[in-house]
Amino acid sequence: MSPPEPATLRRLLDAAQAPPDAVFAEAGVAARHSDAATGTVLAGRARELAGRSILMRVKSQLTSALALIELDGVVSRLTICPPDFTAERIGSAIVQAQVDAVVCDADEMEFGAGVERFEVAPLAVSDAAEDAAPVVTEWALPTSGTTGAPKLVAHRLSGLLGAIRPQEPGAPAPVWATFYDIRRYGGLQVFLRAASGGATLVLSTEGEPLVEHVERMRAAGATHVVGTPSHWRRLLMSPHANRIAPEYVRLSGEIVDRAVLEALKTTYPAARIVHAYATTEAGVGFEVADGAEGFPASFVGGLADVELRVVDGSLHVRSARAASRYVGQGDIRLVGDDGFVDTDDMVERRGERYVFKGRRAGVINVGGLKVHPEEVEQVIALHEHVRMALVKARRSPIVGDIIVADVVLKDAAPTPSERAALRDDILAHCRARLERHQAPAVVNFVQSLDMHAGGKLARR
Amino acid sequence: MSVRLTILKAIEQIAGEQNKRLAPLGDELALAESGLDSLCFAILVARLEDELGVDPFSASEEVYFPVTLGDFVRLYEHVPA
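Protein sequence lines, in the order shown, are assigned to chains A and B.
For the first sequence, my numbering begins at 647 and goes up steadily by one.
For the second sequence, my numbering begins at 74 and goes up steadily by one.
Some clues are possibly wrong.
To be verified - Far from chain A by the CB rule (all over 12 Å, computed), these chain B residues:
1) R77
2) L81
3) P97
4) G99
5) R120
6) V146
As the list claims (entries may be wrong) - With a straight-line Cα cutoff of 27 Å, these simulated DSS-like cross-link-like pairs (lysine-lysine) come out:
7) A/K1003 x A/K1016
8) B/K82 x A/K1038
9) B/K93 x A/K1038
10) A/K1056 x A/K1038
11) A/K1016 x A/K705
12) A/K911 x B/K93
13) B/K93 x A/K705
Keep in mind that the hints were calculated from the coordinates and are not lab data.
All C-beta atoms, glycine included, are put in the ideal place defined by N, C-alpha and C.
Same shape as in the complex, but just chain A (with noise of 0.2 Å):
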C-alpha cells in the first residue's frame, strides 16, 4: 500500500462537496468554493513557484484566501503576512524565511534584489491541470518576537486541520462569519473551517465601516460569528448588534472577562457562547462553552485530544496541533525535550476552575495584538527629558489590556503646567515612532522605578 498523498487546501475544497451557492465573500465580490479549487489569481503562474519560499503579501483577505488554497501544495513555505506587517517586519521575515519570491499586489513596495514579484489579479479560470505530485507546504505564520522582528511558526496543514470536527450529518450547512482577520491564526481556523466544510464565509474589507460588515452578515445568514472579545465588545457597543442574530458565537485571541460572556448572552440569547484558547505557537489548545471565563481545572489531565498542565503558573500544552518549530531560528526552542509548549500565558486557580492572570515577562495584549515593552520603553527614553521609563499593562475593559508608562524626568519637580505639556509631548513622541496600539494611553511621572538587585527594572 502507497503512503497517504498530502491532503492540500484544493483537495480539502473537492472533498468538501459544497454546494453552488457557498461562497467566500468579501465588500462588494465573492469566489464561489467551485471556482476557489480550480480557479487563479496569479494569472496561470503558481507552476512557476512550486518548491520555493514564498512571502504572501495581499491587502484582500479573498485574494489572500484564493492565493492559500492555489498555493498550498505547490510551494515549500508559504510565509503569511498579517495585514499591519511593516517593512521592517517584511525584510526579518523575508531574511529568514529564505524567501525568493513574493506574492502582492500590483502597487506593493519593492523587496529587494533576489526576490521575484508575482502580482495577484481578480480569481480567474485556469486551464493549468494540478500537478501529478503535490508537496506539503510549510506554512510559516509571524508571532511578535522580543526586538521588533517577528519570530515565524512553523505548521502544517494537517495540524492546522486538527482541532476541526467533521460536521454532523444531516445538519444545515452553517454560514461562518469573521471579525478575526484569516492571516493570523484564530482567523486562519476560521477560513479552514469554512473550506474543509463547504460552507460560505463573510470576511472583513479593509477600511470597511463596522456596520457595513455587519450588514453583510445579516444578507448572507450568518450563522457562526467569530472575533476577539475586542471585536465584539466594539459590536455590543454599536447600535449594530442585533442586526445578526448567530446560533453560535466563537471569542478567542484574548483573555475572555465575565462582562463580555454575559453582555453576549443578552444580547444573542439563542446562541451557543464558546471561547476558544489558542496560540499560533500551541495550535488550538481547547474551547470552554459553560459560558464562564477561564476553564474547568478538570482540564488539566483530563482532554483528550490535547494536554495541559501548569508549570509555575504558565500554562504548557501538548499536541499535535502545535507547531513545530521557528523557522530561520535554529537556537530558539518552540517545543521542550518532553514535547510540551510553554505558553507563557499565566493562569491562577481558584475553586474548580482556572483563570488567566496575563502574559509571562510582560508581553502585553492589547486588541490581540502583543506589545513588546522594552521595544516601547526604549522609543519613552529617547525623548530629550526623560531618563527612564516603565512601560505595563493595565486590564482595560475595552481591549483587554493597555499601555501605561511610569517615567522618570530628568528635570526635578517641574510645575504642573510644564508636566501636563511634557505629559503631551512625551505622548506624541511615542505615536510618531510606534505603531497605534504600542503606544501608551497613560503617562504617570514617577520620582523613581525599583530595580531587582541585578540591576533590571522590577516588572512586577
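Given the structure of chain A, go ahead and fit chain B onto it with the hints provided.
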C-alpha cells in the same frame, strides 16, 4: 469641572491625538458613529479612571455596554466614586 465636561474634554483631546474626525457630540450620538474606534475608547476609559477615580465598566457587577454618548456619560455620573 463636571463629569460630563471632563468626558467631553478627554474625548476631544484623544480625537486630536489620534487624528480622528469627531461627529458633533450630543447625547443621542451613537458611540460607533462618533469617529472614535475601540483603541480610542480604551484610552478614554483609562484616562477617565485617573481623572475621575472610577472605571464603571469594571466597578459594576451588572454588565452593561453603552451604545450612545448619553449612555456613556450616565455610566460615569451614576457610579459611586
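Earlier hints that do not hold, by number: 5 and 12
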